[in-house]
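Visitor: Read off the chains here:
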Amino acid sequence: MTDVAVTTMSDAQAREAEQLLLLEADLLDERRFEEWIELFTPDGYYWVPLHPEQDSYLTHLSIFFDDRELMEARVKRLRHPMIHTQTPPSRTCHYVSGVRVTGTDEAGRIAVSSRILMLEYREGEQRVFGGRARHGLRRVDGKLKIASKRVDLVNCDDVFGPMAIPI
Amino acid sequence: MRPIDFENLDSVVQAGRVHANLYRDPDIFELEMERIFGGTWVYVAHESQIPDGGDFITTHVGRKPVIVVRDQDSANVHVLYNRCGHRGAVVCNLSSGNARRFRCGYHGWVFDSAGRLVSVPLKEGYYDGVDLGDPRYGLVNLPRVASYRGFIFACARQDVEDLETHLGPVKNSIDDLVARSPVGSIRVTGGVHKYLFKGNWKLQIENVIDGYHPSFSHVSTLDERGRQFRRRGEEKEGPAIGRAGSDDPNEAIAQMDVSSYAQGHSISGALPERGDKSGPAYQEYLNLMRQSYGQERAEEILGKDWHNTLVYPNLCLQMLAQHVRVIKPVAVDRTEVWVYPITLDGVPEQLNHDVIKYLNITHSAASLIQTDDLEQFKRIQVGLGGDGAEWVSFERGLSRDPVPSEDQAAHAIGSSELPMRAQWQAWRTLMTGEQRA
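Residue numbers (the working numbering), protein chains in the order written: chain A, 1 to 167; chain B, 1 to 437.
It should be emphasised that the hints constitute simulated quantities derived from the structure, not laboratory data. Each residue gets a CB set at the ideal place from its N, CA and C atoms; glycine is no exception. Careful: at least some of the hints might be erroneous.
Not the full set, but computed from the structure, chain A residues with beta-carbon under 10 Å of chain B [unchecked claim]: (1) Glu35; (2) Ile37; (3) Leu39; (4) Ser62; (5) Phe65; (6) Asp67; (7) Ala73; (8) Ile165.
Examples of chain A residues lying across from chain B (beta carbon under 7 Å, computed) [said to hold, decoys possible]: (9) Leu50; (10) Ile63; (11) His80; (12) Thr85; (13) Arg127; (14) Gly161.
Okay, the calculated bits of chain B under chain A, using three or more residues with CB under 8 Å as the criterion [said to hold, decoys possible]: (15) 119-133; (16) 185-194; (17) 219-227; (18) 368-380.
Excised from the complex, chain A in its bound form (with noise of 0.2 Å):
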């Protein structure tokens, strides 16, 4: 995949992605977590690697790596009336910026590269959680959906007090 393919890109898919992630962020924001998780293909999965330059999730630790299995205990913690951890809840507010369809291929997967930030609260604390994000796409019954999310963190080794929002 090369950004020639770009070109050949109709604006209204290019739009549509961008949509895809702005709505992504709505849910999140809106912890809206189930609407979230249909987002994804049932073989997508949601990946916030470790390491600067990652190029696995199954010989390296991750700091999420959810296959729909996970991504759905994950969730289903999440509603728990007695996760200690968001009692109270995070406030979230997920930016995305600089949207960018960089590929498209014979199977109709499309390759989208965008900044992400993610400002959160809870309990007098505020943090910024912030980096690249790569998501693959692929039309499943003609609509959108996430066949898999890349978030690289500019601090991702970094010592983490405990997250519980995805990025």
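Based on these hints, arrange chain B on the given structure of chain A.
Guide: Relative to chain A, chain B alone:
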């Protein structure tokens, strides 16, 4: 805050309770750094992190930055204070690597992998000459360094018992871990989860061996039957913990046991109902184990299924989510914890991949389990800052549990607070410089 009488610790460390100041007084913390982290064997690294001559990692002994490096000539491991003998800058600010020499970035003093000063720029400016061999200019070696089956410990004091005596019966836990590999080899590789909490370091070492908290602190990870999520891709379901707040003595968590020793170490028994051992990858692993060890010995090895082993004061080994956890005190109310996956050599790849995958959801900063406890540590630190009750209670099991000695374990039910009492026993010994009973 009432000042502590260091000459009379009986007033603050009692049979089943300790004074809240021991978690919040910065003077106590300073003394702990000197007498506990500077007074006994502290875990620093695993040999698999530095396999070749010149390989190094940087870490801390207590709060002091150190370089753990394999000597290029002798292949011995040195633990060097990461402090230039000239003005005191850290000479190595990388987390790991391989180096022929360490050169201070400020004025260019150069040290070898044994810490010896080998060159000084513009030497003639020292009119009386500079003695490169003078140990006060070198990187200072911690006087005691020893390794038990790959686990490297260092001690800032010369006059301590040897490492194996210090480890005592918890050596067996290291043996058990190594034996899980059919070729008898494990590696600490695959990155490190690093998290911090706003609480005292002792809260984490109490927690890893606390069989009373899981079904309550981790209630948000349990289903209606008190079961958690899977820990291997092939498992049908995860381990049973128990129903939150239940008083039923048959709950899974109530059936664990625990063993503690006077050195402060403890071993908690396995959860009674862990995930099932089904699946082709696990079957292949069983076959490899039987081929290597024979049927009987393989079963014995796999039967040694303890949950956590705490090696006082800063190391925890876990069998279920196979990892090495290192506790790093930063300040009286701030602690870092570093969690490294353990890779078993000679096993089907999938088993090691599962360790990585599930360690993310149990012990990353964004994990589903560890974050529950971090929240509790923060709440304890805040709560202990209040007035009213001055004591912290460790009375579960007190009236019946035996008192541990160095080589004789004291056994108790898993929800007993025996392990914390053993930790306070060790704490007292180290803080007062008394001999252990």
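Visitor: Hey, does the A/Glu35 contact hint survive, CB to chain B under 10 Å?
Guide: Violated, about 20 Å.
Visitor: Under 7 Å, Cβ to Cβ, is where A/His80 needs to be relative to chain B, so tell me if that hint holds or is violated.
Guide: 4 Å, holds
Visitor: Holds or violated: the segment 368-380 of chain B covered by chain A, criterion of 3 or more residues with Cβ-Cβ distance under 8 Å?
Guide: holds (count 7)
Visitor: Is the interface hint satisfied for A/Leu39? The criterion is a beta-carbon contact with chain B at less than 10 Å.
Guide: 19 Å, violated
Visitor: Please count how many residues of the segment 219-227 of chain B have a CB within 8 Å of a CB from chain A and say whether that reaches 3.
Guide: holds (count 3)
Visitor: Min Cβ distance, A/Ile165 to chain B: is it shorter than 10 Å?
Guide: 9 Å, holds
Visitor: Hint A/Ile63 vs chain B: min CB-CB distance below 7 Å?
Guide: 5 Å, holds
Visitor: Measuring from the C-beta of A/Asp67 to each C-beta in chain B, is the shortest one below 10 Å?
Guide: Status holds, d = 8 Å.
Visitor: For the restraint on A/Thr85, tell me whether the closest CB of chain B is nearer than 7 Å.
Guide: 4 Å, holds
Visitor: Verify the interface restraint on A/Ile37: the C-beta must sit less than 10 Å from at least one C-beta of chain B.
Guide: Constraint on A/Ile37 not satisfied, violated at 15 Å.
Visitor: Count the residues of the segment 185-194 of chain B whose Cβ falls closer than 8 Å to any Cβ of chain A, and tell me whether that reaches three.
Guide: Holds: 5 residues of the segment 185-194 of chain B have a Cβ under 8 Å from chain A.
Visitor: Count the residues of the segment 119-133 of chain B whose Cβ falls closer than 8 Å to any Cβ of chain A, and tell me whether that reaches three.
Guide: violated (count 0)
Hint check: violations occur at hints 1, 2, 3, 13 and 15; the rest are consistent with the structure.
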